[in-house]
Amino acid sequence: MHIDARDLENNATIETDICIIGAGPAGISIALDWIGKKEKVVLLESAGFDYDDKIQDSYKGENTGLPYYPLKSTRLHYFGGTSGHWGGFCAKLDPIDIEKRSWITDSGWPISLDELEAFYPKAHELVELGPYQWSVDYWLDTKPKFKQLFPHNDYLWDKIWKISPPTRFGKKYREAIVNAPNIQLYTFANLTNLTTNAEGNLVTEAEVKNLEGKSYTVKAKQFILAAGAIQNARMLLAANKQQPGGLGNQNDVVGRYFMEHIEVRSGELWLVEPNDLALYMLNMEARAEIAVKPAMQKQLGITNGTISLSPLDVANRLRAHSKSWASDDPRQNIAAVQTENKNAEENKITKRFKKHYHIAYSMFSRFESAPNRDSRVFLDTKTDAMGTPLASLHWALSEIDKKSIRRVHELIGQQLGAAGLGRVKVFKFLEDPHNNGWSEGTSGGWHHMGTTRMGTDPKTSVVDANCQVHGISNLFCAGSSCFPTSGAANPTLSLLALSLRLSNYIKGKMSV
Amino acid sequence: MSILSTMDNLNPHPYSLQRRKFIRWLAMGAAAIGAPALVFNYSNLLKPDATGPEDELIELCGDKALFSIGKRWTENNPAENNLAAIKASLLKGSTIANYDNCNTQQLINFVHAKSKAEFARMETMITDGWVLTQTDCRIAALHFLNHSQNT
Ligand SMILES: Cc1cc2nc3c(=O)[nH]c(=O)nc-3n(C[C@H](O)[C@H](O)[C@H](O)COP(=O)(O)OP(=O)(O)OC[C@H]3O[C@@H](n4cnc5c(N)ncnc54)[C@H](O)[C@@H]3O)c2cc1C
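Protein chains in written order, with our numbering: chain Z, 1 to 512; chain V, 513 to 663.
In isolation and in its complexed conformation, chain Z is listed as follows (with noise of 0.2 Å):
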């Protein structure tokens, strides 16, 4: 069922069994495995079905790390969230990624991969992924185009991506949630502020607001923020009546460790022969980039990444995204990105050369950011349209993060040079072992994790191993914002395979 807040008495009080604050791919994919349950879930989204430049206003914040794009623009604040914008680029976490590393301080999640593996299937699914495949060897079948750079390489492998259409989240599962008879969608149902009891381990209710001036209550059993990572840490900051450091936060880890992915263009890879590299191109199913093996990462002492490779003639026709996503208005961005890209396209006339072009490849990092807790979201003075904080974003990265990417070009330029197959170059930012500092094209991935990440220690994290707010027994986190390290790959498809767990435990929890 749909019901437009702004419809609603002033004062009103919503009850449920689970309010879902946050109707993006997290909170939709929660509230679709609750359909045909008995128990009464309601979404709240802060916006409706379509962009609304008022309500993303509240997206708003500043910068004061590392340049990055405009907080405003780097997410969408409507029905579907973000993923109205998102690429589709999805690759599983590695079993590196989750565990304890010696070398990367703060590392380790408190549960296996195969905990999550569970879900992966589901998650795939909703994002559209097609068969359930993951191995290059499956795809080197599938593809008789596709071949290896580095077959049989100690040190190296190929990390497969799929692509998802992309699915819009607001668009594909509309229909699914507002035919729901125990899913009440509430749009224009905006969070701020959650109230506990006396002894601050219990939500007792949600407040919500909407720019038309009216507020109401929702009292429910379980409470899921699934606002994205930014906003998760934000609201959980604004809770503050009660708890003057917000709620979860007595150790002061709520925004910390704010992590995004280092994506910027890094290097070039020139062969002797002409290879279409077709294996490792931008296509419609899936593609591979070109990664560390875990020992080797461990030797070396370095984060994971994987390294993307295109035609180098098309990459150098194009901006850093620090460049063309500039705007404050998040749809003019995505119009000029689109664009840069179809202009940057081979012609016609020069695909019919292909042979001759196939020899020099741009390489484009795209790296976890190690665990840091001076990356951060914090609340601002300034307030939104409905009187919450608003968030600036701090963000850090560390020594690790640059000596990585440098490390995994020498490699690669390494094992190429050993094959007799080329020789790599790195650009002039990675050149110097000694120098910290970054490319002006540094960027992130649009990627945001790591806020209320997830531990058995409260002093260095804010969730627990099942996304439960530490010490609040009945307020969850949903989405990467639990990521305790991010991993290279892209985050929606771990987040949903997370959210989904968690949705599962909730199921546990009121023995559904």
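The set of hints was computed from the structure by calculation and includes no laboratory data. For glycine and all other residues, C-beta sits at the position ideal for the given N, C-alpha and C. Hints are not guaranteed to be accurate.
[Said to hold, decoys possible] Cβ pair distances, simulated, as ranges:
no., chain 1, residue 1, chain 2, residue 2, range
1, Z, D154, V, T607, 29 to 37 Å
2, Z, T105, V, S601, 39 to 47 Å
3, Z, T105, V, S580, 37 to 45 Å
4, V, L595, Z, K143, 44 to 52 Å
5, V, S606, Z, D154, 21 to 29 Å
6, Z, S112, V, S601, 48 to 56 Å
7, Z, K171, V, S580, 51 to 59 Å
8, V, S606, Z, S112, 23 to 31 Å
9, V, K604, Z, L421, 21 to 29 Å
10, V, S601, Z, W103, 33 to 41 Å
11, Z, D374, V, A629, 42 to 50 Å
12, Z, Q332, V, M634, 26 to 34 Å
13, Z, W103, V, S580, 32 to 40 Å
Starting from the structure of chain Z, add chain V with the ligand where the hints point.
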């Protein structure tokens, strides 16, 4: 993740790319006047016979870059700032007695194998942005010294 995973104009590599572009235009021009593209794709028309171990690196890194790498090598290794010393270093471990009077292909094979082995042992450095071996740098030095002698 990015919509397309490429961007930015940091340090483009104009030299070799331009050379290749020239070859491409040449091929396209030829195609326009009737030569089938296949001839160019599969023939060795545009691949002159190898003249020395430096050919491959000139092709990969470009003349200018190789020249600069070679210059740097000779500056950092004054003992190798002459052709005789460079040639002797390159031939170390080989049965080839005389660099200037030997089978070119045998020489190329030896030097390339030597560089490959250094790559395999991860004995590399980053110079002028390129991940290269000492042997590569010596080849570059040879190119630099030859070139500076010729000009
Ligand atoms: C340009 C771009 C490209 C991307 N490409 C990829 C990609 O290729 N692969 C990939 O894996 N990921 C990609 N992403 C990231 C991906 O979009 C996110 O990982 C994903 O959308 C996160 O889902 P979510 O549900 O956690 O958060 P969101 O999608 O941000 O959804 C949060 C929802 O909560 C609502 N909300 C927020 N605050 C409140 C509140 N106070 N009250 C009520 N509701 C609220 C919002 O309106 C929104 O609907 C990309 C992102 C962008 C911007």
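* **Range hint compliance [Cβ, V:L595 to Z:K143, 44 to 52 Å]** => holds (50 Å)
* Asked: Is the gap between the beta carbons of V:S606 and Z:S112 within 23 to 31 Å?
  -> At 53 Å between Cβs, range violated.
* **Cβ distance range 32 to 40 Å for Z:W103 and V:S580, holds or violated** => At roughly 35 Å between Cβ atoms, V:S580 and Z:W103 fall inside 32 to 40 Å, so the hint holds.
* Asked: Given a hinted range of 42 to 50 Å, is it respected by the beta-carbon distance of Z:D374 and V:A629?
  -> Holds: the Cβ-Cβ distance is about 44 Å, inside 42 to 50 Å.
* Should the hint that Z:K171 and V:S580 are 51 to 59 Å apart at their CB atoms be regarded as holding? -> holds (54 Å)
* Asked: Is the distance from the Cβ of Z:Q332 to the Cβ of V:M634 consistent with 26 to 34 Å?
  -> violated (46 Å)
* Has the hinted range 37 to 45 Å been met by the Cβ atoms of Z:T105 and V:S580? -> holds (39 Å)
* To do: Check the following: the C-beta atoms of V:S601 and Z:W103 are separated by a distance inside 33 to 41 Å.
  => holds (37 Å)
* Outcome of range test on Cβ distance (V:S606, Z:D154; 21 to 29 Å) -> Given a distance of about 28 Å, which is inside 21 to 29 Å, the answer is holds.
* Asked: Range hint 39 to 47 Å: satisfied by the CB atoms of Z:T105 and V:S601?
  -> Holds, since Z:T105 and V:S601 (Cβ atoms, about 44 Å apart) stay within the stated range.
* Asked: Is the distance from the Cβ of V:K604 to the Cβ of Z:L421 consistent with 21 to 29 Å?
  -> holds (25 Å)
* Asked: At the C-beta level, are Z:S112 and V:S601 separated by a distance inside 48 to 56 Å?
  -> holds (53 Å)
In terms of the numbered hints stated before, the structure departs from hints 8, 12, listed from lowest to highest.
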